[in-house]
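In terms of my numbering, the numbers along the sequence shown are unbroken and rise by one, the last being 244.
Do not rely on the hints blindly, as some may be mistaken.
Said to hold, decoys possible - Derived lysine-lysine pairs resembling BS3-like cross-links, with alpha carbons at most 27 Å apart:
id : residue 1 : residue 2
1  : Lys185    : Lys144
2  : Lys153    : Lys236
3  : Lys185    : Lys153
4  : Lys144    : Lys134
5  : Lys236    : Lys144
6  : Lys153    : Lys134
7  : Lys236    : Lys185
It should be emphasised that the hints constitute simulated quantities derived from the structure, not laboratory data.
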Amino acid sequence: MEAGQIKIFEHFSEGFKVAAEYGEWKVGMLHYNERFSRLGEMERHLLTDEVFVLVSGKATLYTESEAVEMEQGSVYTVPVGVWHHIVVSEDANVIVVENRNTSIENTEKRYFEQEER
128 MEAGQIKIFE
138 HFSEGFKVAA
148 EYGEWKVGML
158 HYNERFSRLG
168 EMERHLLTDE
178 VFVLVSGKAT
188 LYTESEAVEM
198 EQGSVYTVPV
208 GVWHHIVVSE
218 DANVIVVENR
228 NTSIENTEKR
238 YFEQEER
C-alpha cells in the first residue's frame with residue numbers, strides 16, 4: 128500500500144514476513160504460528176546481529192543461557208553467533224531487523240525434543 132511517497136506495509140497473517148529492504152538491512156514483522164508457539168528449535172545467524180521489538184501481545188526471547196520476557200517498546204539485540212528463539216502469544220506483533228542477506232545459507236538451526244529443553 129502507498130500513501131503518496133510513503134510506502135505502508137501491513138502483515139496480519141501468521142509467521143514472519145519481510146516488510147522492507149534497504150541497503151544492507153531488512154525489517155520484518157513476526158506473528159504467532161506453530162514455529163513461534165513453543166521452544167522446539169534454536170537458530171544462530173553467522174553474519175548479523177538480530178533486533179526484536181515487541182509491539183503488542185507477549186513474547187519470550189530465549190538463548191542457551193537465558194529467557195527474557197519482552198516488554199513492549201523495548202529493543203532486544205541478539206548478537207551474531209548466539210543461539211536464540213522467540214516464542215510469542217497468539218496476539219503478538221514483533222518487529223525484526225537484521226542484515227538483508229540473512230538466509231538459510233548463513234543461518235544454522237538446531238532442533239530438539241521436549242526433554243532436551
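Discussion item. Hinted pair, alpha-carbon criterion (27 Å max): Lys185, Lys144. Please report holds or violated.
Written reply: holds, 19 Å
Item to complete: Compare the distance between the alpha carbons of Lys185 and Lys153 with 27 Å, and conclude whether the hinted pair is satisfied.
Response: holds, 23 Å
Item to complete: Would you mind confirming whether the straight-line C-alpha gap from Lys153 to Lys134 stays at or under 27 Å?
Response: Holds - the C-alpha atoms of Lys134 and Lys153 are around 14 Å apart, at most 27 Å.
Discussion item. Hint check: Lys153 vs Lys236, CA-CA at most 27 Å. Holds or violated?
Written reply: holds, 20 Å
Worksheet item: Taking 27 Å as the top limit, are the C-alpha atoms of Lys236 and Lys185 close enough?
Response: At roughly 24 Å apart (the allowed maximum being 27 Å), Lys185 and Lys236 satisfy the hint.
Worksheet item: Between Lys236 and Lys144, is the straight-line Cα distance small enough, at 27 Å or below?
Response: holds, 19 Å
Discussion item. Next pair to validate is Lys144 with Lys134; report whether the Cα-Cα distance is within 27 Å.
Written reply: This hinted pair holds, its Cα atoms lying about 16 Å apart.
Going down the numbered hints, you'll see the structure goes against none, and every one checks out.
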